[in-house]
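Could you slot chain L onto chain G? The hints should help.
Residue numbers (my numbering), protein chains in the order written: chain G, 1 to 611; chain L, 1 to 413.
Please keep in mind that the hints were generated in silico from the structure rather than gathered at the bench. Please note that a few of the clues may not be correct.
Under 7 Å between C-beta atoms, here's a sample of chain L residues computed to sit facing chain G [said to hold, decoys possible]:
{"no.": "1", "residue": "94"}
{"no.": "2", "residue": "377"}
{"no.": "3", "residue": "379"}
{"no.": "4", "residue": "382"}
Given the structure is predicted, the values throughout are model-derived calculations rather than measurements. The C-beta atom is built at its ideal place from N, Cα and C for all residues, glycine as well.
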Amino acid sequence: VLRTFSVARLALEIRECLAARRRLLKTQLRPDEMLLTVNQFPLLGAGTYVDDQGPPNGPLLRSQILSDSCLNPAPQFALEIQGIYDRRGLVPHTGVPAFRDTHTQWPFVDHGLSDDPGSAPAQLSCGENGRDSACSMADATPVPPAAAAAAATTTESDSQAPPTSAPQKGPSAPPPSRSAAADPPPNKNCVLLDSPLFGIGSGGVLRITMCAADLDEARILHDQLAPISAVMAALTAATPIVKGYLTDRDCYWDVQCGAVDDRTAQERGIAPLTTAKGILRKSRYGTIDTYTGPAVSTADLAFRKQYNDCQFTYDKDSYWKMKEDVGIDQLLALHVSRLFVRDIHYAPERLLSKAGRKDKDPHRSDGQEHFKRFVGCSRQNVCLLPPNTATGSGWEIGFMSLEVQLTDAENAAFITFIVLLSRVILSYRLNLYLPISLMDQNMARAQKVNAVRDQLFYFRRDVFGGRDGKSNGSGRISRRGNSGGSRHATSQPANNASQLEKAEYVELTIDEILNGSKTYGVTGIMNIIYSYIPTMHLEYEVEQALRRQLLLVRRRASGKLCTLATWMRNFVRSHPEYRHDSVVSPAINYDMLCAMNDIEEGRRPAPELLR
Amino acid sequence: MTRRRLAITEKVPTTPRKVVVYTDNLMTSNGVRNATAQESDKELEYALGDTLNTALVISTSYRFDPELNMLEILDPHNPRNHIEVKGLTDYQVSVKLFILPAAVDVNRRPSPLYVKQALTCIRKQLGAVTIEELFVSFADVSAGRDSATAPEAAAAATATSPGAAVLTNGSAGSLPLHPQEPDQLPTRRNRSRDDRRGHKARGLDRRRPGEAGEVPGNGDGGNDDFEASDMSRYLKIWRLLSHLKAEGHVTRIGICDATKQQLENLHWLSGVMPDMVQIRVDDSQLSVDDESATGEADGPSDARAGDSDASRELREYALAHKISVRSHSDAPKMLTNANFQTLAADYRINERFPTTEVPPEGYRIDLMRPRWVANYNVALRNRGLVANRGYIVMASSDCVLDPNRVSRFAYPS
Chain G
1 VLRTFSVARL
11 ALEIRECLAA
21 RRRLLKTQLR
31 PDEMLLTVNQ
41 FPLLGAGTYV
51 DDQGPPNGPL
61 LRSQILSDSC
71 LNPAPQFALE
81 IQGIYDRRGL
91 VPHTGVPAFR
101 DTHTQWPFVD
111 HGLSDDPGSA
121 PAQLSCGENG
131 RDSACSMADA
141 TPVPPAAAAA
151 AATTTESDSQ
161 APPTSAPQKG
171 PSAPPPSRSA
181 AADPPPNKNC
191 VLLDSPLFGI
201 GSGGVLRITM
211 CAADLDEARI
221 LHDQLAPISA
231 VMAALTAATP
241 IVKGYLTDRD
251 CYWDVQCGAV
261 DDRTAQERGI
271 APLTTAKGIL
281 RKSRYGTIDT
291 YTGPAVSTAD
301 LAFRKQYNDC
311 QFTYDKDSYW
321 KMKEDVGIDQ
331 LLALHVSRLF
341 VRDIHYAPER
351 LLSKAGRKDK
361 DPHRSDGQEH
371 FKRFVGCSRQ
381 NVCLLPPNTA
391 TGSGWEIGFM
401 SLEVQLTDAE
411 NAAFITFIVL
421 LSRVILSYRL
431 NLYLPISLMD
441 QNMARAQKVN
451 AVRDQLFYFR
461 RDVFGGRDGK
471 SNGSGRISRR
481 GNSGGSRHAT
491 SQPANNASQL
501 EKAEYVELTI
511 DEILNGSKTY
521 GVTGIMNIIY
531 SYIPTMHLEY
541 EVEQALRRQL
551 LLVRRRASGK
561 LCTLATWMRN
571 FVRSHPEYRH
581 DSVVSPAINY
591 DMLCAMNDIE
601 EGRRPAPELL
611 R
Chain L
1 MTRRRLAITE
11 KVPTTPRKVV
21 VYTDNLMTSN
31 GVRNATAQES
41 DKELEYALGD
51 TLNTALVIST
61 SYRFDPELNM
71 LEILDPHNPR
81 NHIEVKGLTD
91 YQVSVKLFIL
101 PAAVDVNRRP
111 SPLYVKQALT
121 CIRKQLGAVT
131 IEELFVSFAD
141 VSAGRDSATA
151 PEAAAAATAT
161 SPGAAVLTNG
171 SAGSLPLHPQ
181 EPDQLPTRRN
191 RSRDDRRGHK
201 ARGLDRRRPG
211 EAGEVPGNGD
221 GGNDDFEASD
231 MSRYLKIWRL
241 LSHLKAEGHV
251 TRIGICDATK
261 QQLENLHWLS
271 GVMPDMVQIR
281 VDDSQLSVDD
291 ESATGEADGP
301 SDARAGDSDA
311 SRELREYALA
321 HKISVRSHSD
331 APKMLTNANF
341 QTLAADYRIN
351 ERFPTTEVPP
361 EGYRIDLMRP
371 RWVANYNVAL
381 RNRGLVANRG
391 YIVMASSDCV
401 LDPNRVSRFA
411 YPS
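Pulled out of the complex, with its shape left as it was, chain G reads as follows:
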């Protein structure tokens, strides 16, 4: 199957495609229903939020706030939820820090979860810096079970512990072998969510899957798109309201990652390691742990080993098998063997059947689907998807960190931006490598409130260079002395130029990353894309449409347009019924969703969001 790509079609047809899908879905709606593409229903889990809501604490979900009717009755979803519960030993809890408004009750107490120890083990877990421990990294210190209360010293003195965290003495219901230990210290001022359904069931992402020519190109794309994922998450932030509260986060990434966390206590580092393969620092959904590096044959020295500075566990057997027997290079073997640390929760029977002759059992898989399940098990911000001979797809890269936007125009614009970025990365051989630790920090910063304007992100200053192993070179003959460049008026500040030129990574705002910055000598990504577009020789109309889509992205980056999260916050805070206590009542929610529907259908102008 030869797939062709055309920038013209990208510019024009993506939006049509999205609009067609929307139209199709809308034909199925009843007159009193509306269709919105938002990440998360804002009141999901907030008491009674929907008609015909069943009672919580059902046998399938075991959630105190969600009823079993939320769960899709198809067997794979129930199996998945059950699998997560089984593996972890208890329902994974996630906490999202609450937003402190003028009249918010502080310290914030989430009354949604009852404190009945008998119904379900209300083990709450949250890292001391307000992030979910399921997603915390090197700073999560393992806490021995006896000192669960003493671990609170790492946080501020917890004089008034939330009542729901009282039952730390130990759960009664679940099997004792797995969860005898208490989790790290309780949440501080967090909104608590206690079901994986908050992650895989309802969190929406805009997932872009791009086809690469071969494995080498796929590796390049995988590595270069990973540092951008934090930038994109901040640009498309759209989820400030969770479970009916305004939160201190604009993105849904951490919640999603934490909600499906199925690491056992040993893997989380709480219990001593006996049966688990090792300490897993991240949940199975998270950011990548390792770059795959460029293929050895390309002789590209842009990648240095120091970039993979995150500790992670991998499956040693498969690693050595791949490396020694098959001869795969080390980084790719690491990347793949990392997948085998997780478990898949369910599989169709035919996948598990013994290897037999293919003609006898036409439905027997040849391992590709099985492997794809493992790949799908752990979802990162960039995923390297293997080829599938059944569908004819090749190596693909999935870019996962965008949040879905309200209108088709915005979604199409961001899709276009990412696809053009991938073309530019391949054409110019850009070098965007960041050490993994810095990338994780970026991701943490990207989720804060209004990260687009307020936060600084680590970024590689010189994206064109470094291919020869040096930070400024591009693998070419270096220039000597007074060269042509200095004679011909390139405006660089003389004094701090040398200082800045030596810095490999700088902290920039998103505006500077995308639109460039003279002070830091950063060629903005948009400028690179704009110099790529003329070489595609598009028709005038097509090019204008493309430029207008990119203009939307530029304006979001520069702050002229606000993100959906900011818009939602402003709406809530300016609503007459809002009492400035970070609580979003159903009335406010209804008005907000109606307004969003009006914007999407064009009945209500939103110049601060869309133009």
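For chain L alone, coordinates are given in the frame of chain G:
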């Protein structure tokens, strides 16, 4: 001086000096971070500087052809940047040729010899490729678009460098007639094919302003519009392009920065309609803070504030005649004489010539002026990738009449 050097310099070259500079592949070069393709004149200067630095200062990778008296400064990183075709993708080569004001023949019209030369250089660089799209951009047409339609203003605006002192071969605005200047007397170099076909070539020039009514494209009457839209100057080059298209070397031909009247005129004069027309889009039309430009990716039907009537008229005309409209944001003056001469002085190009230039009696050698700039790019269209992008610049000096050097004696000895 060594013996060998003496031997070379004894020969007086019969053709003036030429320099052809090939820049590096701009997609992978070191200098790409300093100027983006949006400011293409700066990018060109930077790329030239980079190449000259690498080829002349750091390593020596230039070739001298004594017959043509031509110095070829090759792409130092990829001496022959032939395209490799990998797998099933196919490349498309598109070339934009900027005919600079100095590239004129004795009749002060842009000469097709330069076009042929440019295509030869492209073939040298990229191999024997079929050029998918060839745009030609005439300096005076492109520059004249910016100023008002008055041809006098155009002629004044495109007056070139002070560096080339007295004999500025300033671009003729749109006036086909000029008072004869001393440098236009037949020189050794300028005696080109056109002279030999003189009567035919000049036949078209017989059309004088008085016959305005017969020529389409200037229905508005008046000398000014006629002058502005008269494309007879460019006819030779246009004919060459249509020949190339007919022979299959070039798939589509296009012209840049032409108005509707100019297109009509060209079609009437030559019978060949361009396949593409490139219009200049100022990137500031879509700036971040511009209130009038909408950010929504609407369909192409909405009118934008930066859209002028002429541009819309042109697009409608193009739509009617199946001409594809493209856009570019190249500067109107791609490489001025002064900039090139500064570069040449900085890198001492003239010293690399192993010959000395001895002008014939009564003539003198002018400073080198750039004649054309070719911007090529090789793209893998069905994957959306750009493999190669670069510039080729050709400059040469003129052997011009120097009144000061005429022998004092009335009778030659």
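Outcome of the hint check:
{"no.": "1", "hint": "94", "in the structure": "holds (6 Å)"}
{"no.": "2", "hint": "377", "in the structure": "holds (5 Å)"}
{"no.": "3", "hint": "379", "in the structure": "holds (6 Å)"}
{"no.": "4", "hint": "382", "in the structure": "holds (4 Å)"}
When the structure is compared with the earlier hints, no violation turns up for any of them.
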